[in-house]
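Peer 1: Protein chains in written order, with this note's numbering: chain V, 1 to 206; chain W, 1001 to 1208; chain S, 2001 to 2118.
Note that these hints are calculated values from the structure, not bench results.
Fair warning: there could be bad hints in the mix.
Examples of chain W residues lying across from chain V (beta carbon under 7 Å, computed) [stated by the list, open to error]: (1) Q1009; (2) W1134; (3) T1136; (4) P1142; (5) G1151; (6) S1154; (7) R1155; (8) S1156; (9) V1159; (10) R1160; (11) A1162.
Ideal placement from N, C-alpha and C gives every residue a C-beta, glycine not left out.
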Amino acid sequence: MGVIATPEPGAGAIVSQVSPNWLTTRVDFLVNWARSNSLWPMPFGTACCAIEFMAAAASRYDIARFGMERMSFSPRQADVLLCAGRLPFKLAPVIRRIYDQMPQPKWVISMGACASSGGIFDNYAMVQGIDTVVPVDVYVPGCPPRPEGLLYGILLLQKKIRGETLADPSIRMERSLDEHGLCMAPERIDELSEPFGNSLHQTRSA
Amino acid sequence: MNPSAGALQRQFGAAVRRVTESCGDTIVTIAPERIREILAWLKNTPEHAYNYLVDVTAVEYRDAERPLEVVYELFALGRKVGLRVKAQLPKDAPLEVDSVVPLWAGADWLEREVYDMFGITFRGHPDLRRILMWETYAEGYPLRKDFPLRGRFSRSEQVRQALNANPEAHYSLEELGIAEAYHELPPDMRERLARGERGRIPDATGGP
Amino acid sequence: MLREYIPLLMLMGFVVVNGAAFVLLSLLLSNRRPTTVKGTPYESGMPPLGSARERFSVKFYLIAMMFIVFDLEAVFMIPWAQAFRRLGLFGLVEMGVFILILAVGYVYMWKRGALEWE
């Protein structure tokens, strides 16, 4: 969907043209170590999960040990977009634009039940999971997740980053919205947004 | 029982359809055609002086034959006494009432919310448009009982419409506070603003 | 005597080379993936409103100008303070005249209201 396939100058092009060998893996290791240990979050905190994020950033749980204490409220200096809280449809273009304005490499953590799936708000106003709007790397379930839960999600993201390689340019490709203004097929969005669990047992009008 | 209720009945007679009391609150149901007159009287008469409009909201009951009610919550700051005024709008007629923005400026956004959620239009409102949903929201009026909880469109359609809603295309120049800088704006923005129905484009002399 | 400046020159050379290397390396090694939306100015996720070229008050320019003048006055006073004893009375009078000339300018500014912000 709307992939930008511009040729990439730079280190990625150099490494991707060389056949993978021990040296490229060492370069990957260095780059991924640097990236995973200094993830500057952009806190896109909309609701209650933002409070738990603040708790995780405070002294008891302390995301500073992961290099994440420097919050970036501008997307230009951020590595990971941390959506903490429910996302109304009215705010969907905002998060999409902010995600688009972040330079690569960028990741997205969807914190909480509402950001991951719409949570308890299965209604006309709430996006049923931000993955219908931006691509998500790690989902942290919970309502709200405990700070330890968020830390586990961050550790998972670090693990994911350590598995990346400069030799694969498709990982860091910019994927913008397609001609309909969506980031994935409409059927997929409907599938992801389908009610599940207790939402199926509601006796109100569907 | 709030003495204003009795005073209203003496002053307006048949326009006051019902007076009840519930949990210590006095509720007066009036005819919707005379809302502005009655509320102006409640605001301006010195012994009542309801100078604070706490809320304007609406109710649709579960029984479909009951009319919609527009509810005005008033409060007299000097006397610390509240009054609830309701007006019933039958569903078979167009849902319109007079706006009370000339009386209380705070009614502006409160009435916009009622319009957004129930579809009740307020005659004489300076800027009646949606406030909670985006302005080009096409699914209807969410808090009506015939509006399904998840909305009328499919989720993908809702996402698509949300991502394509361009909020600033609908702002007026005054709201943006850039009326005086109009001529310095980039041309695509001038064009976007020129298409908005509430924008007043300054003439070449620079005055609005 | 000039030989004492060689370490300074070395430092300057190193600084220039370092800075140039940073810029050059980032130009060579960086990946550029520009998209239209990525290039737009950041306005909290909304499409940007208005141009960034706003007119701002000329008082800022005035403040900067006054600062330069009086800062340079202070700069001239520092070596005089360092060599105060050797310059003696002549130096004192000379500096007094200098400060007096600038003080006339200062009073003029004060009376004209350049020191008022509003």
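Peer 1: Does each hint fit the structure? Answer for all of them.
Peer 2: Hint by hint, here is what the structure shows:
1. Q1009: W:Q1009 check fails; min Cβ-Cβ to chain V is 39 Å, beyond 7 Å.
2. W1134: Result: holds, 5 Å to nearest chain V Cβ.
3. T1136: violated (11 Å)
4. P1142: holds (5 Å)
5. G1151: Holds: closest Cβ of chain V sits about 3 Å from W:G1151, inside 7 Å.
6. S1154: holds (6 Å)
7. R1155: OK, holds: W:R1155 within 7 Å of chain V, min 4 Å.
8. S1156: Holds, because the Cβ-Cβ distance from W:S1156 to chain V comes to roughly 3 Å (cut-off 7 Å).
9. V1159: Because about 5 Å separates W:V1159 from the closest Cβ in chain V, which is inside the 7 Å limit, the hint holds.
10. R1160: holds (6 Å)
11. A1162: For W:A1162, the interface hint holds, since the closest Cβ of chain V sits about 4 Å away, which is under 7 Å.
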